[in-house]
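Asker: In case you want the letters, here they are:
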Amino acid sequence: MIIARDLAPAQLDSPLGRTSPLLKLTISIVWLVGLATTVSVGPPLALALVTVAAGLTIGRIPRRDFARALAPLWLATIGLATFTTLFGAANGDPSAATIAQVGPFRITGAALAAGIGLGCRIAAIGAVGAVFALTTDSTRLVDSLVQQGHVPERFAYGALAAYGAVPRFSEDLATLRQARRIRGFRGDWHPRLLVSLLVLAIRHGDRMAIAMDARGFGSGPRSHYREIRWGWLDLVVAFGAVVTLVLALATR
Amino acid sequence: MATSPGRIRADGLGFWYRTGVRPAFHDVSFDLPAGSCLVVVGPSGSGKSTLALAVAGLVPGEIPGEVTGTLTVEGMAGMVFQDPASQLVMERVEDEVAFGLENLGWLPEAMLSRVPEGLADAGLPGLERRRSQRLSGGQQQRLALAGVLAPRPRILVLDEPTANLDPDGAATFFERLGGLLDMKSATVLLVEHRVEAAWPLADLVLALDRDGTPIDVGAPGDVLARSGERMAAAGIWLPTETVAAVSGPRITAPDRSASPVVIADALRFGYERDVPVIRDVSVSIARGERVALVGPNGGGKSTLGRLLVGLLRPDRGQVHLAGHDPSRLKPAELARLAGYVFQDPESGFLANTVAEEVGLGLMPEEAARMPELMDRLDLPLASFGARSPYRLSGGEARRLSLAVALVRDPAVLVLDEPTFGQDRHGYEGLLRILRDRSDAGTTLVTATHDLRLVRDLDARIIEIEDGWLATG
Chain A
1 MIIARDLAPA
11 QLDSPLGRTS
21 PLLKLTISIV
31 WLVGLATTVS
41 VGPPLALALV
51 TVAAGLTIGR
61 IPRRDFARAL
71 APLWLATIGL
81 ATFTTLFGAA
91 NGDPSAATIA
101 QVGPFRITGA
111 ALAAGIGLGC
121 RIAAIGAVGA
131 VFALTTDSTR
141 LVDSLVQQGH
151 VPERFAYGAL
161 AAYGAVPRFS
171 EDLATLRQAR
181 RIRGFRGDWH
191 PRLLVSLLVL
201 AIRHGDRMAI
211 AMDARGFGSG
221 PRSHYREIRW
231 GWLDLVVAFG
241 AVVTLVLALA
251 TR
Chain B
1 MATSPGRIRA
11 DGLGFWYRTG
21 VRPAFHDVSF
31 DLPAGSCLVV
41 VGPSGSGKST
51 LALAVAGLVP
61 GEIPGEVTGT
71 LTVEGMAGMV
81 FQDPASQLVM
91 ERVEDEVAFG
101 LENLGWLPEA
111 MLSRVPEGLA
121 DAGLPGLERR
131 RSQRLSGGQQ
141 QRLALAGVLA
151 PRPRILVLDE
161 PTANLDPDGA
171 ATFFERLGGL
181 LDMKSATVLL
191 VEHRVEAAWP
201 LADLVLALDR
211 DGTPIDVGAP
221 GDVLARSGER
231 MAAAGIWLPT
241 ETVAAVSGPR
251 ITAPDRSASP
261 VVIADALRFG
271 YERDVPVIRD
281 VSVSIARGER
291 VALVGPNGGG
301 KSTLGRLLVG
311 LLRPDRGQVH
321 LAGHDPSRLK
331 PAELARLAGY
341 VFQDPESGFL
351 ANTVAEEVGL
361 GLMPEEAARM
371 PELMDRLDLP
381 LASFGARSPY
391 RLSGGEARRL
401 SLAVALVRDP
411 AVLVLDEPTF
421 GQDRHGYEGL
431 LRILRDRSDA
441 GTTLVTATHD
451 LRLVRDLDAR
461 IIEIEDGWLA
471 TG
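Chains as they are written, first to last, in the numbering used here: chain A, 1 to 252; chain B, 1 to 472.
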């Protein structure tokens, strides 16, 4: 049985944890759109650093968990930045100034700048995503989407139930593979697995839908056990986010 | 604030699924007074679950079909299903209990007092913020019950609520159900195979035959006296039966001194890092031996079973299956040596029809065994061969998963909960086949909660709890 790692109460009760998930989602999107308006290195780097700092302070994300969540991201960042630098189109431009020669590779200033720019951008996107995921409880996210974002309930809670079934998916897949192996079929992968997996998912979904309807889901207006209201904290965080973005875009 | 239980009356009630070739059940009549308990029994495919869905108001509606006769259900009904994992909607325990209340538009203040009350009644206090996936199977099922009871339904419908639970989990669940009936807080309709636990709760018993025809309805004692024989003939478990009533030749005692065919040495295994499921397990199983892996839900029985036949590779330690490391065997060789029957039959199906499913990857001489085996398992190819494996009743799907493993005649056969949801015919058929196989020298390893099966197989018990061997 595989279960998503639990967020510590400290993370959930931290200022970022108590901030409206809808607001955090909005900030993330606005920041990423803001990043798209510039090609320079400064803004993404500044946003990445501020995000990591915020995650550690007002998000109270334990360093170990944070490092673990960011590890694949650093690899991707370094990998893609290196790749872009080494194979950048600018390296083929004879008029560009060579700043280094690594074995067979001639590296130009333009290619290096493009590589670093891409790396910072990926780092920023990844850091924002990690802080969002590590300070947001999925139930609270859905409550917030429904109560503050007026997302249709049937869709939102259906999606939450589906999200809860994701671990079941990977278990089903493992079992199906074992079922093939014990019957003498080699190979880890076969299109039939997809068909069986789909059938199992649909049947699980059907059962879940019946269980939800059996409990009166969709029978009338719903009330909310956990009411989520806008607060001062949201205003402060929103203000901070806008100021950060403006300052970051001003760096060069 | 307490509501009174409601009365349920059925008069000539029947139901045809739109896709069915005959009614799921028909001509069912009973009058269940408020606050009493009706236990519905019947062999697999007799329409018990459909009747439960009808009383809960989910059929027709959720599933299309045609109703005949009349059904009067006084007040709101709540329903608890068999599988905890596919009825818990929310991520956390308290949200799960609140879910039904939110749907009915309860005020937040009322919910804030009702949710902890419901959890305390269910014996789950203090677990409010826990993820429900982290609870044991027994706790999950009590949570499902708490969620259904929170809005104080006047009718409570339960469809084999303890089928997936270990004996302790089931006993606690029935205790809770008995408490509810003592307080007369709801009228209960209970579909259940575990007769020894369910019959004492019953005020009325309704017995259905294979084709959905009612055999009898009345007070438990009267029904037993009047129709006990017919019920037994239909394959219904009766509370008066003892294990000895299961017929068949005694199996010969295994020769424990025979050379071991399965050796597990200091196994350690976890699905996640730092979360061992099997901690340090060593077992040796002789050729032809019959072994029962028992222990609570989540203790590691299924995982150990899979390790023994190489479906999982241990993190530490070694498995020898007839001298090989099974996790490194070529699939074709593994299939000849070992068979595995998965706990959830559907999760192991790979074909579009029953005949294809059984015939998948068979050698010609194995395929020749198919028709006779399918007849013995009461799944004759003539009538079942062309059907989809996913459109079988629970008991039929289980027997198909057995057929898939038995048709190969492997040297070692591991079965994960082979008897659950089986009526008596299904059970006896399975037992006869397993005894024959054992007499022919097949090594049987069964992970099970079914103590009756352990006794009928005369199996050596290996108890696993929390990844450790309790006895060996």
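Among the hints, erroneous ones may be present.
Computed Cβ-Cβ distance ranges for the label pairs, DEER-style [what the hints assert, rightly or not]:
#1 A120/B <-> A67/A: 35 to 45 Å
#2 R229/A <-> R134/B: 42 to 52 Å
#3 E227/A <-> E465/B: 22 to 32 Å
#4 A386/B <-> P221/A: 42 to 52 Å
If you only want the chain A side, here are some residues facing chain B, beta carbon under 10 Å, derived [what the hints assert, rightly or not]:
#5 R63
#6 D65
#7 T139
#8 A161
#9 D172
#10 Q178
#11 L200
#12 P221
#13 E227
Facing chain B, from chain A, some residues (calculated, C-beta under 8 Å) [said to hold, decoys possible]:
#14 R64
#15 R68
#16 L80
#17 T82
#18 Q101
#19 V102
#20 G103
#21 R106
#22 A179
#23 S196
#24 A214
#25 G216
#26 R229
#27 W232
What the hints contain is simulated information worked out from the structure, not anything from laboratory work.
For glycine and all other residues, C-beta sits at the position ideal for the given N, C-alpha and C.
Asker: Hint by hint, say whether it matches the structure.
Answerer: Cross-check of the supplied hints:
In this structure the hint that A120/B and A67/A lie 35 to 45 Å apart at CB holds, the actual value being about 40 Å. A beta carbon spacing of about 29 Å between R229/A and R134/B contradicts the range 42 to 52 Å that was offered as a hint. Taking the beta carbon of each, E227/A and E465/B are about 43 Å apart, not inside 22 to 32 Å as hinted. For the pair A386/B and P221/A, the supplied restraint of 42 to 52 Å holds, since their beta-carbon distance comes to about 48 Å.
Restraint check, R63/A versus chain B: the minimum CB separation of about 18 Å is more than 10 Å; hint violated. Taking 10 Å as the C-beta contact cut-off toward chain B, the hint placing D65/A at the interface is violated, the least distance being around 14 Å. Against a cut-off of 10 Å between C-beta atoms, the interface hint on T139/A holds, since the closest Cβ of chain B lies about 5 Å away. Taking 10 Å as the C-beta contact cut-off toward chain B, the hint placing A161/A at the interface holds, the least distance being around 5 Å.
The beta carbon of D172/A is positioned within 10 Å of a beta carbon in chain B (closest approach about 6 Å), and the interface hint is therefore held. Restraint check, Q178/A versus chain B: the minimum CB separation of about 4 Å is within 10 Å; hint holds. Among the interface hints, the one on L200/A holds; its C-beta lies about 6 Å from the nearest C-beta in chain B, closer than the 10 Å criterion. For the restraint placing P221/A at the interface with chain B, the shortest Cβ-Cβ distance is roughly 5 Å, inside the 10 Å limit, so the hint holds.
The interface hint given for E227/A is met, as the beta carbon of that residue sits about 6 Å from the closest beta carbon of chain B, less than 10 Å. Taken as an interface hint, R64/A does not check out: its beta carbon lies about 13 Å from the nearest beta carbon of chain B, beyond 8 Å. At about 11 Å, the closest approach between the beta carbon of R68/A and any beta carbon in chain B exceeds 8 Å, and the interface hint on this residue is violated. The beta carbon of L80/A is not positioned within 8 Å of any beta carbon in chain B (closest approach about 27 Å), and the interface hint is therefore violated.
This hint is violated: T82/A has a C-beta 29 Å from the nearest C-beta of chain B, more than the 8 Å allowed. Annotation: Q101/A was flagged as interfacial toward chain B, and the flag is violated, the nearest CB pair being 43 Å apart, outside 8 Å. About 37 Å separates the beta-carbon of V102/A from the nearest beta-carbon of chain B, more than 8 Å, and the hint is not met. With a cut of 8 Å, the hint placing G103/A at the interface with chain B is violated, because the nearest CB-to-CB distance is about 38 Å.
With a least beta-carbon distance of about 43 Å to chain B, the hint placing R106/A at the interface is violated under the 8 Å criterion. For A179/A, the interface hint holds, the least distance from its beta-carbon to any beta-carbon of chain B being 4 Å, beneath 8 Å. The closest approach between the C-beta of S196/A and any C-beta of chain B is roughly 6 Å, which is under the 8 Å cut-off, so the hint is satisfied. Interface hint at A214/A: satisfied, since its Cβ lies 5 Å from the closest Cβ of chain B, which is below the 8 Å cut-off.
Taken as an interface hint, G216/A checks out: its beta carbon lies about 4 Å from the nearest beta carbon of chain B, inside 8 Å. Using the Cβ-Cβ criterion of 8 Å, the hint placing R229/A at the interface with chain B is not satisfied: the shortest such distance is roughly 12 Å. Hint status for W232/A relative to chain B: violated, with the closest Cβ pair at about 21 Å, above 8 Å.
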